[in-house]
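Counting in full-length UniProt numbering, the sequence shown runs from 1 upward without gaps.
Please keep in mind that the hints were generated in silico from the structure rather than gathered at the bench. Yeah, the Cβ is synthetic: ideal placement off N, Cα and C, and Gly gets one too. Each hint should be verified, as a subset may be incorrect.
Pairs of lysine-lysine residues, derived as DSBU-like cross-links and limited to a Cα-Cα distance of at most 30 Å, are as follows [said to hold, decoys possible]: (1) Lys248 <-> Lys190; (2) Lys248 <-> Lys300; (3) Lys116 <-> Lys284; (4) Lys194 <-> Lys116; (5) Lys311 <-> Lys243; (6) Lys300 <-> Lys311; (7) Lys248 <-> Lys105; (8) Lys300 <-> Lys243; (9) Lys116 <-> Lys296; (10) Lys105 <-> Lys311; (11) Lys194 <-> Lys284; (12) Lys248 <-> Lys296; (13) Lys241 <-> Lys55; (14) Lys296 <-> Lys62; (15) Lys300 <-> Lys55; (16) Lys248 <-> Lys284; (17) Lys311 <-> Lys296; (18) Lys41 <-> Lys55; (19) Lys311 <-> Lys199; (20) Lys296 <-> Lys41.
FRET-style restraints, in silico, Cβ to Cβ [as the list claims (entries may be wrong)]: (21) Thr267 <-> Asp80: 31 to 41 Å; (22) Glu312 <-> Glu121: 21 to 31 Å; (23) Val160 <-> Asp185: 31 to 41 Å; (24) Asp318 <-> Pro297: 49 to 59 Å; (25) Ala120 <-> Glu246: 57 to 67 Å; (26) Ala158 <-> Ile303: 21 to 31 Å.
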Amino acid sequence: MKFKLTYKKALTCFLWLIASGIIALIYFQGTRVTVVDNQVKVGVTYMTMNNHFYKTLNSEIKKSVSDHNGILYVRDPELDEVRQSQQIDYFREMQVDVIVINPVKRDSPEIISALKQAQAEGIKLIVVDTQLEGIEVDSTIVSDNYQAGVLNAQNMMATVEQADILLLEHTNTVSARDRIQGFLDTIEGKEAYKVVARKDTLGQTEVGMPEVMEVINQGINFTVVMALNDTSALGALAAIKEKGLEEKIYIYGVDGSPDMKNLLYRTDDIQATVAQSPITMGEKTAEILFRLVEGKPVAKEYIIPVDLITKETIGQYDITGWQ
């Protein structure tokens, strides 16, 4: 009897081991990464992923790379130029074919040096949503940032006869500078429209809010906020609400983000935003990176058109997502 029990126990253990092996084999087969000859590898680093614009842009690139059975490495430097240069070095170690970068700083020595090393190793370079200075890349893909500033300024002048303007900037990025410059060039020589304060917000809501609160605390009166992007414009709105300012303040942003479009649609807190399209930018970036991999010619720069969104035109847009 004792022998039979031991035999049954041994048989049960043996069957359990076989079953476990089969389950493990099935799992391994279902989850392993298939190595493909000439598999395209792409490294992407944006200045920050704390912005849904870049998440949406990246999803289009990811979709295309996945469709081509490629590998996509995505990194977030969190606005740290040294960290971004280290991420570029990592992409080199991974022997990527293309690096797509939205630089933390337009002329960072660390970033430029790392990119030049990558370039020397035959890696193709694409810059998105802004420009780099100090290096010639394979292609740059941007919105018409200067025109975005022009459109906001034109709407402001058509709306108010005079304005005291607070500028919210991000001086380290070319795209942000172009937006502000387009705005300033449009109001140049028009004495009724004057800039009373300028603040660098890094394009972030959590930076924009205290910077605008500081302007208010200093007793500087402003009737218009021209923000380089929607996230910093939302920081300005939060500060205005927190301080309980009762005078009408006209807030302008750039992006056409879902948050900004919802405010335009449902409230009178926002005057306008200029819509750029991270979906179109992502699609174009994906197209260009594969052209580069295939050795096909590409343009040095692609400029994507922008559109002004106001209360009068908000009905033409999906307020739940990006365009």
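Outcome of the hint check:
1. In summary, the hint linking Lys248 to Lys190 is supported, as the alpha carbons are separated by about 21 Å, within the 30 Å threshold.
2. Pair hint Lys248 plus Lys300 does not hold up; C-alpha atoms about 43 Å apart against a cutoff of 30 Å.
3. The straight-line distance between the Cα atoms of Lys116 and Lys284 is roughly 24 Å, inside the 30 Å bound, and the hint therefore holds.
4. Note on Lys194 and Lys116: the hinted pairing is violated, with a Cα-Cα distance of about 42 Å set against a maximum of 30 Å.
5. The straight-line distance between the Cα atoms of Lys311 and Lys243 is roughly 25 Å, inside the 30 Å bound, and the hint therefore holds.
6. The hinted pair formed by Lys300 and Lys311 fails the criterion: a straight-line CA distance of about 36 Å is larger than 30 Å.
7. In summary, the hint linking Lys248 to Lys105 is not supported, as the alpha carbons are separated by about 35 Å, beyond the 30 Å threshold.
8. For the proposed pair Lys300 and Lys243, the alpha carbon gap of about 46 Å is over 30 Å, so the pair is violated.
9. For the suggested pair Lys116 and Lys296, the alpha carbons sit about 21 Å apart, so the restraint of at most 30 Å is met.
10. Between Lys105 and Lys311, the direct Cα distance comes to roughly 34 Å. Violation of the 30 Å bound is thereby established for this hinted pair.
11. Our distance criterion of 30 Å between C-alpha atoms is broken by Lys194 and Lys284, whose separation comes to about 38 Å.
12. Taking the CA atoms of Lys248 and Lys296, the gap is near 53 Å; set against the 30 Å cutoff, the hint is violated.
13. As the CA atoms of Lys241 and Lys55 are separated by approximately 28 Å, the hinted pair is consistent with the 30 Å bound.
14. For the given pair, Lys296 sits about 21 Å from Lys62 by alpha-carbon distance, which is consistent with the 30 Å threshold.
15. Simply put, Lys300 and Lys55 have alpha-carbon atoms about 24 Å apart, close enough for the 30 Å limit, and the pair holds.
16. Straight-line distance between C-alpha atoms of Lys248 and Lys284 comes to about 40 Å, which puts the hinted pair past the 30 Å bound.
17. At most 30 Å may separate the alpha-carbon atoms for a hinted pair to count; Lys311 and Lys296 exceed this at roughly 43 Å.
18. A threshold of 30 Å between alpha carbons decides the hint, and for Lys41 with Lys55 the separation of about 19 Å falls inside it, so the pair holds.
19. For the hint linking Lys311 to Lys199, the alpha-carbon distance of about 27 Å falls within 30 Å, and the restraint holds.
20. A hinted pair counts as satisfied when its Cα atoms are at most 30 Å apart, and Lys296 with Lys41 qualifies at roughly 17 Å.
21. At roughly 35 Å, the beta-carbon separation of Thr267 and Asp80 lies within the given 31 to 41 Å, and the hint holds.
22. Judged by the Cβ atoms, the range 21 to 31 Å given for Glu312 and Glu121 is violated: they are separated by roughly 52 Å.
23. Range check, Val160 to Asp185: about 19 Å between beta-carbon atoms, so the 31 to 41 Å window is missed.
24. At roughly 35 Å, the beta carbons of Asp318 and Pro297 sit outside the given window of 49 to 59 Å.
25. Range check, Ala120 to Glu246: Cβ separation about 59 Å, and the 57 to 67 Å hint holds.
26. The given range of 21 to 31 Å is respected by Ala158 and Ile303, whose C-beta atoms sit roughly 25 Å from each other.
Of the numbered hints listed earlier, those contradicted by the structure are 2, 4, 6, 7, 8, 10, 11, 12, 16, 17, 22, 23 and 24.
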